[in-house]
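Keeping their order, the protein sequence lines are chains A and B. All residue numbers for the first sequence refer to the working numbering, where the first residue is 16 and numbers rise by one. All residue numbers for the second sequence refer to the working numbering, where the first residue is 531 and numbers rise by one.
Derived from the structure by calculation, the hints contain no laboratory data. Since we're looking at a predicted model, the values are computed, not measured. C-beta: ideal position from N, C-alpha, C; glycine also. Any given hint might turn out to be false.
[As the list claims (entries may be wrong)] Computed footprint of chain A on chain B, listed as stretches where at least three residues anywhere in the stretch have a Cβ under 8 Å from a Cβ of chain A:
no., segment
1, 821–829
2, 852–860
3, 896–907
4, 927–935
[As the list claims (entries may be wrong)] Part of the chain B face toward chain A, derived, beta carbon under 10 Å:
no., residue
5, 573
6, 576
7, 581
8, 582
9, 590
10, 596
11, 720
12, 911
13, 940
14, 943
15, 945
[As the list claims (entries may be wrong)] The calculated label-pair distances, taken between Cβ atoms and stated as ranges, are:
no., chain 1, residue 1, chain 2, residue 2, range
16, A, 159, B, 644, 57 to 67 Å
17, B, 556, A, 77, 50 to 60 Å
18, B, 790, A, 77, 22 to 32 Å
19, B, 612, A, 128, 40 to 50 Å
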Amino acid sequence: MKVVKIKEDNCVYCHLCEVACIVEHSQSKDIIKAFKREERPIARCSVEFNYPVSLSVMCRHCDDAPCIEACQNGSMHRDERGYVVVNPDTCVGCWMCIMACPYGVIKRDTRREVFGLSTKCDLCPDREIPACVEACPNEALTYEEL
Amino acid sequence: MRIVIVGNSVAAINAIEAIREKDKISSITVISDENYRAYSHPLLPNLVIGEVSRSEERFYYRRQKFYEEFKVETILGKRVVKILPKQKAVKLDNAQKIEYDKLLLAVGGNPVKPPIDGLELEGVHTLTNIKAADKLRKDLKNINRVVVVGAGLIGSKIAEKLAKKGKKVVLVELARRVLFPVLDDEAANLIHKELKKLGVELILNDSVVAVDGDKRVKSVKLKSGKTIDADGCIVAVGVAPNAQLAKDANLEVNRGVVVNDFMQTSNEDIFAAGDVAEAYDLVLGQKRPIPILPLAAAQGRIAGLNMLSLGVKYRGGFASNSISIGDVSFISMGIVDSDELEVLKIKKDGEYRKFLIDEDNRLKGMILVGNIEKAGMFHWMIKNRFDVSWIKDTFLNSDFGWKYFNKAFRVLRLDRKIK
Ligand SMILES: Cc1cc2nc3c(=O)[nH]c(=O)nc-3n(C[C@H](O)[C@H](O)[C@H](O)COP(=O)(O)OP(=O)(O)OC[C@H]3O[C@@H](n4cnc5c(N)ncnc54)[C@H](O)[C@@H]3O)c2cc1C
Ligand code: SF4
Ligand code: SF4
Ligand code: SF4
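This is chain B alone, in the form it adopts within the complex (with noise of 0.2 Å):
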């Protein structure tokens, strides 16, 4: 069988995984537009200011021997332009036909570009990819006032490390605090407060309306009048699924491509995965797409499988998050701040724990601040729906743990019985 992923990136690399533990045979081709073996697009802000680089191997997805051990043929540096469906083929930018017997989409997102005047200029950045990584890193040296226009994962993250690098950073976020879906106001204000030590402006409630210069970026203006000197301005304010090419092959394509429960498009032979692919949400109960890595990684698993027509079913996932600010790390996941939910918080010198139950006991959300290492147990419990009305009392203590279970669930998880 000819199987053939394009892009080259999280999804990619766990289908390719996926596919060798259970078949040494099939031919993998990889196609993707980045001229690079799969790295971490989480490192990107650290690349940007030197804390990593491209020769270390912690930059990358892989070891570099992983291409050439799983058997796969790599085509990079080409774009695929065009799916045909009827010769069960791909077009690439140099007119090269590739065919398959099965195709995953692989291709991630693309950075959202509001519509502001000016975002053509000189200084103005995204940031997410290598190559937008490196135009930002060689810009540096122009950069000493920067405006940073959305906070959320990317925005609140490169904000910190151009800080720590001393460029005079303003971040604007259009919402009442940074990280808006991932974090609630309490949560939200202890990160306010690192960016600040750190010497970051904080402008929330505001937006970016246009970017003012004549060949680079002079000013910034806002909303609300304001006008922000800078020669430099990063538009992080977001990723849209990249999902034209399934649009032009008449696939089924809602804000993502809509998969089925084993990540198989609207055409059998077509599946996807990662970032442009709308899978269900398993808190919120609904398909929809949900950018981060740890479900692209395993909804590109599942499709991997599924190319082999194993009949894996993907339960489905939802939203989680771990991010560091200067001293404090937190991990959110699900639903974090609701009317409907019981909420169970506690906030004490350093520490933050929040909980959301639903009215069957079910958690469907938790915050923690701080205190971070059992965060996944309750990871564990909103993805099984597990009754936690007889345990809820003890998420407060800052030393929850197995403990508290009931003994016979206890031995039997630990026994890895209960899965």
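Chain A on its own, in the form it takes in the complex (with noise of 0.2 Å):
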């Protein structure tokens, strides 16, 4: 199964996965909607910055998927391709996931008004290439199979 590699020396901190992420998973695919207009998603990725470490780290896409063994009520799963998603209308927001992902890749969407909203890499169902992917300037990442 194909998943995004990290190659760490490659990455700048230059957040264009992020941004990318963002547009990718907002309303309208438009950047400047997606950042100044519309409820702005919230990057799947994280750019971490250690001088003079940099590395973007998203979901790991587990074959034994710890979060899917934590969640409460089947919401974090395995789509048609075989990725782990979480299923944005049942998330009642317990963490049970955050609690178990060895990744430390899932956040916390709290914008909700009952339940909050785990929310993690889902490789971009509507893509060839993955938008971080895409986007990076430097190849620090890259779409292949591990």
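Reassemble the complex: the two chains are provided individually, in unrelated frames, and hints are given to aid placement.
Dropping the structure here:
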């Protein structure tokens, strides 16, 4: 199964992957609208920096996905492609997936009224090449078989 | 092969999924005394106050078509009253017998009934299944002032929810803090504050000795001599493994049903998983029941695979909890309070971080409050007995992350080369 491979030596801390991920998950998929006019989505990848280290980290789509095992109502599940995604309509923001994810890549969206929403990389289901991979100017992210 | 599963919840569903990954042919029969498809027990407090309803998919553990898709025969609303190991069959409450080749006991736990007078009065409730939740929900109109007995996960959660609903809630806890085994004083104090903000009256270091009333509860008497007027009482002092069936069948039972590394009971054709079982706690290094959902799921999965004789070992698990009360989120796991272990901790505006490390530099437990997003990385370290000597100095940083790891290790891990 192809996932996003992280090549930290090429990463220059430009955050373009985060920008691309936000745009991809926005309503309009338009950068200006996504950042200025709509409710801005949360980036599914995070760039970390600790001089001279920098790298973008997102879900590794584990074979044994501990996040799925921890989910209390099946919101975290494997889609038809085999990638691990969360169902936003059923997630109750209990953060049990966060408690279990060994890569620490699930984020919290607490903007909904009653239930929070767990937010993670869905490997861009509408695309052939994930948005972050396409946006990275230095091939610090590539889409390949690990 | 005929596979029969008693219980239809987390452990059962995960066993079914594991079995069907490998075996499309064997018949699977699930028997439960509850008349519903598998649902989310942690959402019961939300169900009580109407934050979720039974018609919402969100309330269930799997989607509507699950049993059909996984070719599972369901016998719902029937109780298994006896296991007949010699005949390899189970007997139902309507005297029907169901034969098995492999049997899984996934019957969960029962609410603990403390030795208190008056528990049979109207207005006294527990909250471990839909039936109890429905009963409480219907009774809410009669309840203005409620005493919640026990400040564990269930007690604290329902106290919070009922207070949000505008009920006067008194939460009584025997220990000196809420969620005693799961939090330390510092973290528990933060929950105390959140509960007080919501108007919950908290009584610690005290216990309920009697519930009084004629037909319906009128007041609750505490050990300290105090009397609290109340028209409702929720008993939430814990769950105990539902091990009676196993006991009657002469299976080995301690507090829970004893299982080996393959989730197999003392009878080789009978397996047990979830809240009913006593599986290996890899932090404490002993077998004991740990009644939490992720472990029921993991054990169910392992049991399912081993009913197909695949010989997959359960590595063990440990207590871990994610709790949100009011506006604050908490994640804790493993050992959270100790005089023997090295303790690293920091507290600053809205954030609390604590780590407990043994003399071999292995992480044994932790608490995160507020900033919880990397919690699972510590879960991995505990589970894999990871040597933290070179990285523990960074644990207290709010921006803890992959950047602090050694490069070679980080690359291998992120490439999924180290599990
Ligand atoms: C209110 C509440 C909140 C919770 N919150 C959390 C939380 O936040 N995090 C967490 O990790 N865990 C939580 N838990 C615990 C979690 O729900 C359990 O660990 C989990 O449900 C255990 O699953 P199980 O499959 O072992 O058994 P159970 O879910 O207990 O299911 C057992 C099933 O077997 C049936 N059964 C029993 N005996 C028989 C019989 N003789 N014949 C037929 N059927 C039988 C029962 O009716 C039941 O349907 C909570 C539990 C409750 C009640
Ligand atoms: S969210 Fe975490 S646990 Fe789940 S598949 Fe991704 S990396 Fe694995
Ligand atoms: S936060 Fe949502 S996806 Fe995560 S475990 Fe809870 S319900 Fe499942
Ligand atoms: S693959 Fe898609 S969802 Fe995942 S981090 Fe990259 S852009 Fe975001």
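A quick look at each hint next to the structure:
Beta-carbon proximity to chain A at under 8 Å applies to 4 residues in the segment 821–829 of chain B; the threshold of 3 is reached and the given coverage holds. Closer than 8 Å: that is the beta-carbon criterion, and the segment 852–860 of chain B has 3 residues meeting it against chain A, so the requirement of 3 holds. Counting residues of the segment 896–907 of chain B whose C-beta lies closer than 8 Å to any C-beta of chain A gives 6; at least three are required, and the coverage claim holds. Interface restraint, the segment 927–935 of chain B with chain A: holds (5 residues with C-beta to C-beta distance below 8 Å; minimum three).
With 10 Å as the threshold, the beta carbon of residue 573 of chain B comes within range of chain A, its nearest partner Cβ sitting at about 7 Å, so the hint holds. Using the Cβ-Cβ criterion of 10 Å, the hint placing residue 576 of chain B at the interface with chain A is satisfied: the shortest such distance is roughly 8 Å. With its C-beta approaching chain A no nearer than about 6 Å, residue 581 of chain B sits inside the 10 Å limit, and its interface hint holds. Checking residue 582 of chain B against chain A: minimum C-beta separation of about 8 Å stays under 10 Å; hint holds.
Interface restraint check: residue 590 of chain B against chain A, minimum CB-CB distance 7 Å, threshold 10 Å, status holds. For residue 596 of chain B, the interface hint holds, the least distance from its beta-carbon to any beta-carbon of chain A being 9 Å, beneath 10 Å. Hint status for residue 720 of chain B: violated, given a least beta-carbon distance of 16 Å to chain A, over 10 Å. Contact between residue 911 of chain B and chain A, as hinted, is supported at the beta carbon level, the nearest pair being about 9 Å apart and thus within 10 Å.
Interface restraint check for residue 940 of chain B: the shortest CB-CB distance to chain A comes to about 8 Å, inside 10 Å, so the restraint holds. Annotation: interface hint on residue 943 of chain B holds; nearest CB of chain A at approximately 8 Å, less than 10 Å. This hint holds: residue 945 of chain B has a C-beta 6 Å from the nearest C-beta of chain A, less than the 10 Å allowed. Under the hint 57 to 67 Å, the C-beta atoms of residue 159 of chain A and residue 644 of chain B, about 58 Å apart, fit the expected range.
Between residue 556 of chain B and residue 77 of chain A the C-beta distance comes to about 27 Å, which lies outside the given range of 50 to 60 Å. About 27 Å separates the C-beta atoms of residue 790 of chain B and residue 77 of chain A, a value consistent with the hinted range of 22 to 32 Å. Checked against the given bound of 40 to 50 Å, the beta carbons of residue 612 of chain B and residue 128 of chain A, roughly 48 Å apart, stay inside it.
The structure does not agree with the numbered hints 11 and 17 stated previously, though it agrees with the rest.
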